[in-house]
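Residue numbers (my numbering), protein chains in the order written: chain G, 1 to 480; chain S, 481 to 697.
One or more hints might be untrue.
Stated by the list, open to error - Straight-line distance between alpha carbons at most 27 Å, and here's what the computed BS3-like set of lysine-lysine pairs gives:
| hint | chain 1 | residue 1 | chain 2 | residue 2 |
| --- | --- | --- | --- | --- |
| 1 | G | K342 | S | K645 |
| 2 | G | K342 | G | K83 |
| 3 | G | K258 | S | K645 |
| 4 | G | K83 | G | K20 |
To be verified - If you want the footprint, here are the derived chain G segments under chain S, 3+ residues with CB under 8 Å:
| hint | region |
| --- | --- |
| 5 | 121 to 133 |
| 6 | 162 to 173 |
What the hints contain is simulated information worked out from the structure, not anything from laboratory work. Note that CB positions come from ideal geometry on N, CA and C, so glycine has one too.
The chain contents come next:
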Amino acid sequence: MRDKLQRIDQNRLLIPRSFKPGMRTDGLIYVDERLEEYLEDSSIEQVANVASLPGIVGCSLAMPDVHSGYGFSIGGVAAFDLKEGVISPGGVGYDINCGVRLLRSNFTKDAVSAKMQQLADMLYNTIPSGVGSKGRVRLGERDREQVLLKGAGWAVEQGYGEASDLAYAESNGCLSGADPSAISVKAYDRGKAQQGTLGAGNHFLEVQFVDEIYDESAANALGLFAGQATVMIHTGSRGFGHQVCTDFLEVMGQAAVKYGIVLPDRELACAPFASREAQDYLAAMKAAANYAWANRQCLTHWTREVFFDLFRMSPRDAGMRLVYDVAHNIAKVEDHIVDGVKRRLVVHRKGSTRAFAAGHPELPDAYRSIGQPVLIPGDMGRASFVLLGTKRAMDETFGSTCHGAGRLLSRHQAIRQAKGRAIWRELEDRGILVRAAGRETLSEEMSDAYKNIADVVDVVQNAGISRKVARLRPLCVIKG
Amino acid sequence: MFIGISNSHAKKLRQRNRLFFRRAGFASAVGSAGSIPQIGNVFWFRASLAGCQALAEKLPLGENKRMRQSSLRMPYQVLDAAGDAGISAEGASCGEALQNAGMALFSLITDPGRVREEESIAFHVDAESRDVLLVRVLNELIFLFDTEDIVASRIEMDDAGACTKQDGVFHASGRIWGERFSSDRHERRLLVKAATYHNLVFAPCGNLWRVEVIFDI
C-alpha cells in the first residue's frame, strides 16, 4: 500500500488516483517524514475513499494530525461542487461544531499562579463537566428553538457575555439557515439539559499563559503578549449534535441508495447537495453548530465571572476579550478559487480548522489585515498554538489547516502506560494543576497519548498553510 | 447468561471432570469439561445467574479467593479502538447478544456492578436489517442515558423478532433495570456519543451470536 504513495516535498504526501479503483481525484496528506511514521494505513484508505465521492473538487485532503475516523478520517478536508457533489454527516462528525475559543486577559501568569488552587477549584465547581453532567441552563419550548436560530447571539441575549464577543467568533457565532423543524424530538430532548456543559474526553477548559511569541505585530493585533494569562475552551454541541448526526446518518444511508451513490464505506453515507435530504441535514447541522456556539459562549461567561470574583476586578480591568472562536467539525458553503475560477463549494472540515487569509471578507475588521486566527489545542501537558491563515491555505486547502495534536495511543494503551504513575502529580511538578471528573480521564488524556503538537504545527507552518503567532502553555486544566 | 473463564483457568478445569460443573451448579453447561466452546481466549459456559453466583461459592477447595474473582467474567468485553472504545458480546440468541451488548455499553459509562435496581424503562426499536437493529438499540440506550440519566444493572430483551423478520422488519423490545446516574455514587467512565457501523459485527458464531461495536467517544 505504502509503495503507491508519492512524496511531493518535505511536507506533502500524494495518494495518486491509481491508489484504488473508484478514486475520482488524488488524495493529499500534509505530513513530514517524522509524522509519517504515525500515519495509519486505515487513515490513508479513508482519504482515498473520500476521493471516490461524487463531485469532489480538488484533492481529498488530510492534515498532519490525521488519524482514523469513521468514513472520513479525523483531520480530513473535502470540498464538493454544489451541483455535482454531495454533503455527508460523516464528513462533519458526531460532535458538530466541536471547536475552540481563546480569551485574552490583562492578568499575568504570576498573578494567576498565585491563586491557582482557588482558581482551579472555582472553575471546576462552576463549569459543568464529565459524564452525566447537566448545564445550569434549561432550554424551554421557546429558547430551544431560539438557541438554534441565533447561536452565540442567543446566549448574549440571555446575559451570557457581551455583544462584542460575537464579532470575534467564526461566522459571528451563528450560521444562518438553521431550521428547527429539521430537528428530531430526540435531539431536542438530548440537548435540553446539556447547554452550558463542557462534556468529557478531550474537551477541556484551560488557564494558560503566553509562553512564546513568534510574530510580535500579529500578537499585538490579537491582544496577546508574553507572560499573559489566557483561557482556552474546547467543546462542541454535546448530545444535541451527536443526535443530529445519528439521525442523519440513517437518512443519508437511505438517500445514498436512493440516488445510486456507491459507498466504499457505510459511514460515508451522503446525498447530492441539492437533494431534500442534503438540505435537511445542512439545516439541522447549522442548528447544531449554533447550539455549540451558544454552549461555548455560556462557558465563557461563567469563566469570566470566576475571574472577576476571585480577583475582585471589573470586566474592563480584567480585559477578558474573546480573541477568536473556531469550529473544527463542520461543513460550510464557501467561495474558493479553483483553477483560476471562483466556485461555490461545500467544504467539509472534520478535525480541521478554517484558516482564511488576510483580506477575506468574513474576517473581523480588527484581523482583516493579518488573517484569521487559528486556535490549535494541544494535549494537557505540553502546549497549544495560535496561528494565522495564509494565502497558500486558500490556494491549496480551501482555507484549512490542522485542528490539534492527533491521538497516538488508544485509550487502553494510554491507561496501560499510565499504570503506576500519578499523572496529576507529574503535571503538578511541571506547574500544571488538573481537575478531572472521570477516574481514568487523566490517563487517557495524558501527553504521551498524543502526537507532539509542536511537530504538527511545524508541518502546517513549513507547508505554508498557516503561520505561527504564539505558543500557550497550560497552568490549570479542567477536564470532564 | 454466560460465564467466561480464561484460557489458563479452563485448562485446570479440563483436568477435572463433569463433576466440577455439577458441583458448581451448572445444570445447563453448553460444553462439557472435554469440549468447552472457545471464543478468543475465553471459554464460555451457559448458566443461570444463580449458577454464576454458585460458581463463586462452590469453586473447589484449594482455589483461592483471587482466582474465584478473576475467573468470573461477564459475557462481554471492552475492545481497544484507537481514540474511541468498542465492545464485544455474545449471547445464545440475538436477543441475548443485544442484551449483553447493551450491558457492555453501560460498562463503558459506569460500573454496572455498583448500580442499584431501583426502576426500569422499556424501549422498542424496529429496523430493516439486523445491523441497523443493533446500532439503533445501542443508540436508544445512549439516548435514554442522556435524557433519563438511567444506568443499567440489568437489561432484559424479548427475543421475539430480533432474529427473524416479522412483517418485513426486525424488532427489539427490552427493559433497562437500574437507577438514575449520580456522580456521587457512580463512577464516571466514558462519555459515549453514538454507536457506529465501523467494523460492526452481529452474526452467529457456532452456537452463539456475536456482537462487536465501536462507539464514538
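Between the region 162 to 173 of chain G and chain S, are there enough contacts, at least three residues with CB-CB distance under 8 Å, for the coverage claim to hold?
violated (count 0)
Are the Cα atoms of K258 (chain G) and K645 (chain S) separated by 27 Å or less?
holds, 22 Å
Would you mind confirming whether the straight-line C-alpha gap from K342 (chain G) to K645 (chain S) stays at or under 27 Å?
violated, 52 Å
Within the assertion that chain S covers the region 121 to 133 of chain G, do at least three residues meet a Cβ-to-Cβ distance smaller than 8 Å?
Held - the region 121 to 133 of chain G has 4 residues with a Cβ nearer than 8 Å to chain S, which meets the minimum of three.
Check whether the Cα positions of K342 (chain G) and K83 (chain G) lie no farther apart than 27 Å.
holds, 15 Å
Next pair to validate is K83 (chain G) with K20 (chain G); report whether the Cα-Cα distance is within 27 Å.
Cα-Cα ~25 Å, so holds.
In this structure, the earlier hints numbered 1 and 6 are contradicted, and the remaining ones agree with it.
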